[in-house]
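Please take these sequences and the hints and turn them into a complete structure.
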Amino acid sequence: MKIASKTQSAVELVKTALEKAHQYQAEYNIFNWINDNAIQQAEQIDAKIAQGENPGRLAGVPYALKDNFLSPLGETTASAEILTGFTSPVTATAVKKLEAEGAILIGRTNLDAFAHGSSTENSYFGPTKNSKDTTRVAGGSSGGSAVAVALDIVEFATGTDTGGSIRQPASFNGVYGLKPTYGTISRYGVVAMASSTDCVGFFTKNSADLDLLMEITAGQDANDLTTLPDYYVTSKPQTVQKVGIIKDFDNDAVDPEIRQALAQKVEQLKAQGIEVIELEMPALKYALAAYYIIVPAEIASNLSRHDGIRYGFRSSESGDLVSLYNNTRGEGFMPENKRRIMIGNFVLSSGFYDAYYLKAAKARTLIINEYGKAFEQCDVILSPVSPNPSFTLGSKVNDPVAMYLEDVMSVPLNLAGLPGLSVPVGQTSAGLDLGLQIIGPRRSDRTIINFAKTLEEK
1 MKIASKTQSA
11 VELVKTALEK
21 AHQYQAEYNI
31 FNWINDNAIQ
41 QAEQIDAKIA
51 QGENPGRLAG
61 VPYALKDNFL
71 SPLGETTASA
81 EILTGFTSPV
91 TATAVKKLEA
101 EGAILIGRTN
111 LDAFAHGSST
121 ENSYFGPTKN
131 SKDTTRVAGG
141 SSGGSAVAVA
151 LDIVEFATGT
161 DTGGSIRQPA
171 SFNGVYGLKP
181 TYGTISRYGV
191 VAMASSTDCV
201 GFFTKNSADL
211 DLLMEITAGQ
221 DANDLTTLPD
231 YYVTSKPQTV
241 QKVGIIKDFD
251 NDAVDPEIRQ
261 ALAQKVEQLK
271 AQGIEVIELE
281 MPALKYALAA
291 YYIIVPAEIA
301 SNLSRHDGIR
311 YGFRSSESGD
321 LVSLYNNTRG
331 EGFMPENKRR
341 IMIGNFVLSS
351 GFYDAYYLKA
361 AKARTLIINE
371 YGKAFEQCDV
381 ILSPVSPNPS
391 FTLGSKVNDP
401 VAMYLEDVMS
411 VPLNLAGLPG
421 LSVPVGQTSA
431 GLDLGLQIIG
441 PRRSDRTIIN
451 FAKTLEEK
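For the sequence shown, this note's numbering assigns the number 1 to the initial residue and increments by one for each residue that follows.
By construction, these hints were calculated from the structure, which means they are not laboratory data. Be aware that a few hints might be false.
Here are the simulated SDA-like pairs of lysine to any residue, each with C-alpha atoms no more than 25 Å apart in a straight line [unchecked claim]: (1) K20 x Q44; (2) K453 x K285; (3) K236 x I277; (4) K338 x D320; (5) K338 x G372; (6) K338 x S349; (7) K97 x D211; (8) K132 x N388; (9) K265 x V408; (10) K205 x P387; (11) K205 x E99; (12) K285 x E298; (13) K205 x P237; (14) K205 x E456; (15) K205 x V266; (16) K236 x I368; (17) K48 x T7; (18) K338 x S315; (19) K15 x D46; (20) K97 x N37; (21) K242 x D224; (22) K132 x I368; (23) K247 x T365; (24) K97 x L228; (25) K236 x G372; (26) K362 x A374; (27) K15 x K96; (28) K373 x V276; (29) K242 x E298.
Just so we're clear, the structure is a prediction, and the values are computed from it rather than from any experiment.
Given below as structure tokens:
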């Protein structure tokens, strides 16, 4: 990060970031809100430096915040109409930690409403465009954050990953995207999607910056009882000697250029003396179905709090309490939000719980156990992030099944609580970015970040 060299003042860094944010906004639709007052924070950072005070490890570094993180700066909308007008009275733990180290928020980034989607087309504010081709999607749900980093507007951006929402847009836009081990970074102050798979993570331009951001934000939080003790700072990266390749993901459903990119990296690893092992993981075929039962069930519960009573949007077409609930939720939720709420309520309903939710939970256990067996044979796993490069805007948004199939390689990690890192590995013949994901056992985050350097070596 530039702040380490102190070759530019915080004011210069922030001015440049804001100029780029405004320059690219009309074409790419990256931000829901741009913080033009960030210059004042930058001036305070420069004053601290001038006075010889410690300004923090991220002093003056501009960053973008996915618009589902609570902060009093700007409205927190989660790109949903039902949250328009909501200014948070609290600040997310991850945001507090970043800003305590001097990071400066320059804007809130666009996402699929409530993070429901794989293309950022489900946003109330319209889609974010791909950084290489504006006729294509940015990926989702953290599309705005990925593009903000890809276009060099900010040094890093926050994201959330419930089923691939950091890794897939990172892959589509040629940046690094980390989903940590579940519970590594506090979820307190993040608008909940599915509480058992939600993870806070980051987009950066290199693996070294990911390491620094993890050191700053990892650790237990009394406000989030799922957080783990701070293993990250005390952990050391393990030497990777064996890399697993999931045989079940090497088929005709995967784009040929993605398969070719994986094959080239496999040959590169072998040339570096790393043993490559083919893994048979048949339980992964149940992952997508299990995910789209478990996650909607949790969504139905989490979104029940949005009713127009306490905060956010309220329908004006309401004469009594019942119609207020119905109209507010009917008008305020996007079609994909409604779809997931209905699926979730269905699978949890009397007579269907055992047939769907309970079976999905059992399948989840099989997937966790299968990863456990895989990591007895290898240190990390290398896999595509998505079966396809970025697809054209509008091509899948009206076909939910086709959209959900884009997550087939990313959701298994979330069900198992494993860390995954999307690393840029080149481009297609059409100039679209490609990424591969490094997957490790639980709490191996530092190992996969360090191993990314091996993939970078030509």
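Taking 25 Å as the top limit, are the C-alpha atoms of K97 and D211 close enough? Holds: K97 and D211 sit about 15 Å apart, inside 25 Å.
So if I understand the rule, the pair passes when the alpha-carbon distance is 25 Å or less; does K373 with V276 pass? It holds: about 16 Å lies between the C-alpha atoms, which stays within 25 Å.
Tell me if the straight-line CA distance from K236 to G372 falls inside 25 Å. At roughly 21 Å apart (the allowed maximum being 25 Å), G372 and K236 satisfy the hint.
For the pair we were handed, K48 and T7, check the Cα-Cα distance against 25 Å. 16 Å, holds
Below or equal to 25 Å on CA atoms is what counts here, so check K205 against P237. 20 Å, holds
Given the hinted pair K338 and G372, is their alpha-carbon gap at most 25 Å? 35 Å, violated
Regarding the pair K362 and A374, is the alpha-carbon distance no greater than 25 Å? 19 Å, holds
Given the hint that K247 pairs with T365, does the C-alpha gap stay at or below 25 Å? OK: K247 and T365 at ~21 Å, within 25 Å.
Compare the distance between the alpha carbons of K242 and D224 with 25 Å, and conclude whether the hinted pair is satisfied. Outside the cut-off at roughly 35 Å; violated.
Straight-line Cα separation of K265 and V408 no greater than 25 Å? Given that 25 Å is the threshold and the Cα spacing comes to 21 Å, the pair holds.
Regarding the pair K242 and E298, is the alpha-carbon distance no greater than 25 Å? 36 Å, violated
Within a Cα-Cα threshold of 25 Å, do K15 and K96 meet the stated pairing? 22 Å, holds
When each numbered hint is compared with the structure, violations occur for hints 2, 5, 21, 22, 29.
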